[in-house]
Amino acid sequence: MLSRSLAATAAVLLSVAAITVPAPAAEPAAGPQLAQARAALPEAGEFIAHLAADAIAGMSDKTMSLEERTRRFRTLLTADFDVPEIARFVLGRYWRVATPDERSEYTKLFEDYIVSIYAARFQEYDGEQLKVNAAVKDDDGAFVSSSIERKAGPPVKVDWKLKSQAPNFKIVDVMVEGVSMSVTQRDDFAAAIQAHGGKVAGLIDMLKQKVQTASSK
Amino acid sequence: MSNIFSKRTLNWGLAAAVSGLLLASGCASTSTPEQRDQVAETNDPLEPMNRYFFDLNLFFQEFALKPAAAWYSMSLPQPAQNGVHKFLQNMKQPWTMVNDALQGNFDRAGESGARFLINSTLGVGGIFDVATDWGFPEHNEDFGQTLAVWGLGDGPYLMLPFIGPSNLRDTAALPFDWYLDPVNIAVTNYVPIPDHSHPRQPPHHEEYTWFPTARGFVGSVDEQARNGDAIEQLKKQSMDFYATVRSIYRQRRDAQIHNRGEGENGPSGPVSSTPTDVPPEADELHGPHTETSQAKPE
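Chains R and B, in that order, are what the protein sequence lines are.
With the working numbering, the residue at position 181 of the first sequence is 181, and numbering never jumps.
With the working numbering, the residue at position 187 of the second sequence is 1187, and numbering never jumps.
In short, the hints are calculated from the structure, not lab data.
Check each hint, because a few of them may be wrong.
What the hints assert, rightly or not - Among chain B residues calculated to face chain R with C-beta under 10 Å, some are: (1) Asn1057; (2) Gln1061; (3) Glu1062; (4) Ser1075; (5) Gln1081; (6) Thr1121; (7) Asp1133; (8) Thr1213; (9) Arg1215; (10) Ser1220; (11) Gln1224; (12) Gln1237; (13) Met1239; (14) Phe1241; (15) Tyr1242; (16) Arg1250.
As the list claims (entries may be wrong) - Computed list of lysine-lysine pairs in DSSO-like fashion (alpha-carbon distance at most 27 Å, straight line): (17) B/Lys1236 x R/Lys199; (18) B/Lys1236 x R/Lys137; (19) R/Lys108 x B/Lys1236.
What the hints assert, rightly or not - Quick partial rundown of chain B residues pointing at chain R, CB under 10 Å, derived from the structure: (20) Lys1066; (21) Ser1120; (22) Asp1142.
Heads up, the beta-carbon is just placed ideally off N, CA and C, and yes, glycines get one too.
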């Protein structure tokens, strides 16, 4: 029985291989570069550790009003993240087709959207701690890998991509277990724009709605 | 006949999917260059069918998985739930070890083997994770990852009913994960049946053939109980939840294939070619690109 099902799966596999092999194969790029030793950059690790400490100290108080928490989160976000650059990356290829007005409106709404999503989540803070595992120099900044220790379940791996900007750094991407938040957001927005016939205005309307429903609660 | 649940259905499903793909290839036509780029990038020629199954899965999640997970969360205290999770994870270790070896990664195969031995004994059948403290961190491998390491591309994105997001390669790998998993083989073939008392003969009994299915379902409930809130949040914030899940699946698989983003002791480290290495201008110039592959500044 086992061998018969094996034969069947092998047959399926071969036909699959025929279709998929000519498509781009698994990329060889990551391997050698991963192995390459990179200079440690402890300042970057400290930057992330401080950010986590500040966020926990400033926003985890359960009695804090949502307005206050939102205000504090926005301060922290704009100080430590390069929001305009993230916004631009997330709009991806549609940045080029957006009008100057659409660009500025979108960039502002993007910040509101991020604030509306994440500020409230600090209310659910439950003793999680961030531990920096490594911080190394990167092409245009630094790469920090950390893990968030939780009470329930195994630690979550979180990586931070930073760019150097006086006096220290700005965060340009956060990767949770290998999943980039910028890329995920970009693909989500791209699908929304696609559904609106390639019009950035469609996304702007949806962003307005999301921000409004979040603030009216 | 030791026919395990839906063996034929699964194979026929695969055959249907493959022929469906053959038919559907080459009928994607869109207007603007931006939209064409996006079609190339998402590699989702069966999107209408996939969206249909996605809705079906959301329905299933809402009305079967969520109630089951809610009941599970209420009836078991958190430490017991963690024990169940670790027990399930421990059962994945032998198949992980086989795949590590198939990928030529014998250090990691040794780690998985050591984990299974340590946790199955000292960890009381796997409900405690002693091995991590002993310097054997957890990682998982499956046959889809092995095929990728062997050079097989993702193929088109697929949303499988009741199983979830996948792609052609990972779908083709599923039967291997199901039938060649050492724990599944051991339980369905070699666990002695109490009243038959023929423990040494591998009998063609069917008493435990439900095991892989039950294991899969408990795994889904465990996952729902642990990640349900995060999924809900993601659904709320997404403009297009389907597209968000598709993006996450693709990135997550890529990370798993290259053993990135694993537990804190895992070989993580800098990925020199993360997507943000490419400034938006470069992104515009070069059009579609897969996330981690070619994001090198020229």
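Each hint tested on the structure:
Against a cut-off of 10 Å between C-beta atoms, the interface hint on B/Asn1057 is violated, since the closest Cβ of chain R lies about 18 Å away. The interface hint given for B/Gln1061 is violated, since its Cβ lies 19 Å from the closest Cβ of chain R, which is over the 10 Å cut-off. At its closest, the beta carbon of B/Glu1062 sits 20 Å from a beta carbon of chain R; the interface hint therefore is violated under the 10 Å criterion. The criterion of a C-beta within 10 Å of any C-beta in chain R is not met by B/Ser1075, whose closest approach is roughly 16 Å, and the hint is violated.
Nearest Cβ of chain R to the Cβ of B/Gln1081: about 8 Å, under the 10 Å cut. The hint holds. A least Cβ separation of about 21 Å between B/Thr1121 and chain R goes past the 10 Å threshold, and the interface hint is therefore violated. Checking B/Asp1133 against chain R by beta carbon gives a least distance of about 13 Å; that is not within 10 Å, so the hint is violated. For B/Thr1213, the interface hint is violated, since its Cβ never comes within 10 Å of a Cβ in chain R; the closest pair sits about 15 Å apart.
Hint status for B/Arg1215 relative to chain R: violated, with the closest Cβ pair at about 18 Å, above 10 Å. Interface hint status for B/Ser1220: violated, as the beta-carbon distance to the closest one in chain R is roughly 16 Å, over 10 Å. Hint status for B/Gln1224: violated, given a least beta-carbon distance of 13 Å to chain R, over 10 Å. Residue-level restraint check for B/Gln1237 holds (minimum Cβ-Cβ distance to chain R is 5 Å; threshold 10 Å).
Against a cut-off of 10 Å between C-beta atoms, the interface hint on B/Met1239 holds, since the closest Cβ of chain R lies about 4 Å away. Annotation: B/Phe1241 was flagged as interfacial toward chain R, and the flag holds, the nearest CB pair being 8 Å apart, inside 10 Å. Below 10 Å, beta-carbon pairs count as interface contacts, and B/Tyr1242 has one with chain R at about 7 Å; its hint therefore holds. The beta carbon of B/Arg1250 is positioned within 10 Å of a beta carbon in chain R (closest approach about 8 Å), and the interface hint is therefore held.
For the suggested pair B/Lys1236 and R/Lys199, the alpha carbons sit about 22 Å apart, so the restraint of at most 27 Å is met. Restraint check: the Cα-Cα separation between B/Lys1236 and R/Lys137 comes to about 36 Å, which exceeds 27 Å; the hinted pair is violated. At most 27 Å may separate the alpha-carbon atoms for a hinted pair to count; R/Lys108 and B/Lys1236 meet this at roughly 20 Å. Because the smallest distance between the Cβ of B/Lys1066 and any Cβ of chain R comes to about 18 Å, over 10 Å, the interface hint for this residue is violated.
Annotation: B/Ser1120 was flagged as interfacial toward chain R, and the flag is violated, the nearest CB pair being 18 Å apart, outside 10 Å. A hinted interface residue such as B/Asp1142 counts as satisfied when its beta carbon comes closer than 10 Å to some beta carbon of chain R; here the least separation is about 14 Å, so the hint is violated.
The structure is inconsistent with the numbered hints 1, 2, 3, 4, 6, 7, 8, 9, 10, 11, 18, 20, 21, 22, although it conforms to all the rest.
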